[in-house]
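K.L.:
Chain by chain, the residues:
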Amino acid sequence: MNAMNFDLTAEQGMLQKMIREFSDEVVASGAIERDKNKAFPVEIFKQLSDMGIMGLPFPEEYGGAGADTISFAIVTEELSRTCASTGITYSAHISLGGAPLHLFGTEKQKEKYLTPICTGESFGAFGLTEPNAGSDAGGTETTASLENGEFVINGSKVFITNASYAKHLALTAITDRNGNNKEISAIIVPTDAQGFTIKSEYEKMGLNASNTTELILENVRVPEENLLGVRGNGFKQFLTTLDGGRIGIAAMAVGIAQGALNKAVQYAKERKQFGKTLSQFQATQFKLADMEVKIQLARTFVYKAAWLKDQGRPFGKEAAIAKYYASEMAMEVCDEAIQIHGGYGYMKEYEVERYLRDAKLLEIGEGTSEVQKMVIARHIL
Amino acid sequence: MNIFVLVKRTFDTEEKIVVSGGKIQEDGAEFIINPYDEYAIEEAIQKRDALGGKVTVVTIGGEDAEKQLRTALAMGADEAVLINTEDDLDELDQYSSAYILSEYLKDKEADLILAGNVAIDGGSGQVGPRLADLLGINYVTTVTSLEIDGTNVKIVRDIEGDSEVLETSLPLLVTAQQGLNEPRYPSLPGIMKAKKKPLEELELDDLDIDEDDVEVKVETVEIYLPPQKAAGRVLEGDLSAQVKELVNLLHSEAKVI
Numbered sequence: 001m002n003a004m005n006f007d008l009t010a011e012q013g014m015l016q017k018m019i020r021e022f023s024d025e026v027v028a029s030g031a032i033e034r035d036k037n038k039a040f041p042v043e044i045f046k047q048l049s050d051m052g053i054m055g056l057p058f059p060e061e062y063g064g065a066g067a068d069t070i071s072f073a074i075v076t077e078e079l080s081r082t083c084a085s086t087g088i089t090y091s092a093h094i095s096l097g098g099a100p101l102h103l104f105g106t107e108k109q110k111e112k113y114l115t116p117i118c119t120g121e122s123f124g125a126f127g128l129t130e131p132n133a134g135s136d137a138g139g140t141e142t143t144a145s146l147e148n149g150e151f152v153i154n155g156s157k158v159f160i161t162n163a164s165y166a167k168h169l170a171l172t173a174i175t176d177r178n179g180n181n182k183e184i185s186a187i188i189v190p191t192d193a194q195g196f197t198i199k200s201e202y203e204k205m206g207l208n209a210s211n212t213t214e215l216i217l218e219n220v221r222v223p224e225e226n227l228l229g230v231r232g233n234g235f236k237q238f239l240t241t242l243d244g245g246r247i248g249i250a251a252m253a254v255g256i257a258q259g260a261l262n263k264a265v266q267y268a269k270e271r272k273q274f275g276k277t278l279s280q281f282q283a284t285q286f287k288l289a290d291m292e293v294k295i296q297l298a299r300t301f302v303y304k305a306a307w308l309k310d311q312g313r314p315f316g317k318e319a320a321i322a323k324y325y326a327s328e329m330a331m332e333v334c335d336e337a338i339q340i341h342g343g344y345g346y347m348k349e350y351e352v353e354r355y356l357r358d359a360k361l362l363e364i365g366e367g368t369s370e371v372q373k374m375v376i377a378r379h380i381l
Numbered sequence: 001m002n003i004f005v006l007v008k009r010t011f012d013t014e015e016k017i018v019v020s021g022g023k024i025q026e027d028g029a030e031f032i033i034n035p036y037d038e039y040a041i042e043e044a045i046q047k048r049d050a051l052g053g054k055v056t057v058v059t060i061g062g063e064d065a066e067k068q069l070r071t072a073l074a075m076g077a078d079e080a081v082l083i084n085t086e087d088d089l090d091e092l093d094q095y096s097s098a099y100i101l102s103e104y105l106k107d108k109e110a111d112l113i114l115a116g117n118v119a120i121d122g123g124s125g126q127v128g129p130r131l132a133d134l135l136g137i138n139y140v141t142t143v144t145s146l147e148i149d150g151t152n153v154k155i156v157r158d159i160e161g162d163s164e165v166l167e168t169s170l171p172l173l174v175t176a177q178q179g180l181n182e183p184r185y186p187s188l189p190g191i192m193k194a195k196k197k198p199l200e201e202l203e204l205d206d207l208d209i210d211e212d213d214v215e216v217k218v219e220t221v222e223i224y225l226p227p228q229k230a231a232g233r234v235l236e237g238d239l240s241a242q243v244k245e246l247v248n249l250l251h252s253e254a255k256v257i
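One line per chain: the protein sequences are V and B, in this order.
If you count the first sequence from 1, position 76 lands on 76 in the working numbering, and the numbers rise without skipping.
If you count the second sequence from 1, position 255 lands on 255 in the working numbering, and the numbers rise without skipping.
Chain V extracted, bound-state conformation (with noise of 0.2 Å):
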């Protein structure tokens, strides 16, 4: 029999009580640093690899931990409540990473490339975006033509999350055309090949200690069993690895808004104005209130998107719907979060206004909200 059940199991919630421990004990502390000196969590990640998490959802003979989406949600959310820039390499090392390898690799592949995105040898990384092209996979211009065995591959990514980090990672490139017909496939591509320039030069608003990157590919040679699934099917892949992509960023976003109410309240317990606590004043109680309801919500339904997926059911929609909801909302939350902090609030001391510049992001990557309201709307029309 199934019931409903909201809630966690044990590891599930044992996942949880040490990732927050975790993160409140080490991932906080530094945090302000780590986005003024853009300084990437490296030592965050050598603990996060000891303590198995790197290869949480992928099967235990690649050195994963087998556990399931929810489980990923948790520490997801959980990183990104005190710190999102660690948030986020851990969100796209797993799930834009790690994920197509596990889904559309060959045995030989995942040993080989799989392997050590679970120990943590090599961050996950992904190559879609172009300067042309995001969500519109048409305007991909990468080719990678097939000579005497090999894909040479020229052509350039941009924003590509973790990739100064990464020993290898797939990217999408035309590999046929017909007529105006785009063949796409999806590589796997080391980033020590020759010909392959990896720049971290943005100059961000917001996820200062995230590695955001730009590719460029001159002549790069791979052989063709670096072929990731079937050829002329790499966009489709990658709009499959998307919809898992979106459960992390909808469980960064519920993170990010937690932590900003987790400031709010301690600040509006403390602080006296009028010979009250703000937080005596109902101005200041709606406000939390309307905070605490748009997180719950936002949690519940990621949860909810994580768990279709783990039954192996349809989530595409339930994940637009959560990451377009849930980004919204912590841009909703973090602006409220920093208007209870008053001055304070715009002082970077205060952490929440990097809440804020973090939580922009959300609203955009991995699809825009405007694509996201496409892929809903493309479900119930």
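Treat the hints with care, since some could be wrong.
With the Cβ distance kept under 8 Å, some of the chain V side facing chain B (calculated, not the full set) [unchecked claim]:
#1 Met14
#2 Leu15
#3 Met18
#4 Gly30
#5 Glu33
#6 Met51
#7 Ile53
#8 Leu56
#9 Ala65
#10 Ala67
The set of hints was computed from the structure by calculation and includes no laboratory data.
Remember, it's a predicted structure, so these values are computed and weren't measured experimentally.
Don't be surprised by glycine CBs; every beta carbon is placed ideally from N, CA and C.
Given chain V's structure and the hints, the job is docking chain B onto it.
P.N.:
Chain B only, in chain V's frame:
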């Protein structure tokens, strides 16, 4: 090394204590492994990894305590034992807890038993020493360092701001003080494996204990919260006036001089 760790399920240190009807309300409260017991578990795992053997975590309590035992298994303990007294006993005290544990441990040939220095709820620090006495083995409390070489044991223990170094031998019971080690986070593979590790559940009958044997010797007369602390007062004026007022207040208001 046959190692046992005594574990207690306690209120989360962050939890707000609510007393109602003369009892502490447990509804909706979060529970954790007693923090001092975490040092004991960590030390047991380290000693097993270095010297070989097996770590068994033991607790007395109800079904709910399984969660804390599973966490200890996730950290790396090999086996867990829940002595479930939920149906048999309404109350436990230091005497009854130590007696039940001694009945369980008497034929287990434990080389080393570890416990927390105190539990953060009752705070008596008695169960460990009482148990060692019942088993007739050596014990040392509040240890901050434990070195084992064969059956010889070198210990540093905390003595209120100073340290004492002493030597003893196995079999031995020690209680763990803060500083003994840094308890690990359970690893994710550890968490995933915890469910598959053996967890034995025993009742008093299984240990041939009669309820009368474990009748509590401590009577709880009343449970109440400490009085609310009033906000502090900052004295003003020049220094000599402040001193005068302070002395005055200590005499007339606080009535301590």
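K.L.:
Against chain B, run the beta carbon of V:Glu33 and see if the smallest gap drops under 8 Å.
P.N.:
Hint violated; V:Glu33 Cβ to chain B Cβ min 23 Å, cut 8 Å.
K.L.:
Can V:Leu15 be said to touch chain B, with a Cβ gap under 8 Å?
P.N.:
holds (6 Å)
K.L.:
V:Met14 was flagged as interface toward chain B. Is the shortest Cβ-Cβ separation under 8 Å?
P.N.:
holds (5 Å)
K.L.:
Can you verify the interface hint for V:Ile53: is its Cβ closer than 8 Å to any Cβ in chain B?
P.N.:
The hint holds - V:Ile53 has a Cβ within 8 Å of chain B, the shortest such distance being about 5 Å.
K.L.:
If you take the shortest Cβ to Cβ gap from V:Met51 to chain B, is it below 8 Å?
P.N.:
Result: holds, 5 Å to nearest chain B Cβ.
K.L.:
With 8 Å as the cut and Cβ atoms as the points, is V:Ala65 at the interface with chain B?
P.N.:
Because about 4 Å separates V:Ala65 from the closest Cβ in chain B, which is inside the 8 Å limit, the hint holds.
K.L.:
Restraint: V:Ala67 near chain B, CB-CB cut 8 Å. Satisfied or not?
P.N.:
holds (6 Å)
K.L.:
Is the hint on V:Leu56 kept, meaning its closest Cβ partner in chain B is under 8 Å away?
P.N.:
holds (6 Å)
K.L.:
Was the hint right that V:Gly30 lines chain B, CB cutoff 8 Å?
P.N.:
Nearest chain B Cβ about 18 Å off; hint violated.
K.L.:
Quick one, is the V:Met18 hint okay against chain B at 8 Å, beta carbons?
P.N.:
Since the shortest Cβ distance to chain B is 5 Å, the answer is holds.
Hints 4 and 5 from the earlier list are contradicted by this structure; the remaining hints agree with it.
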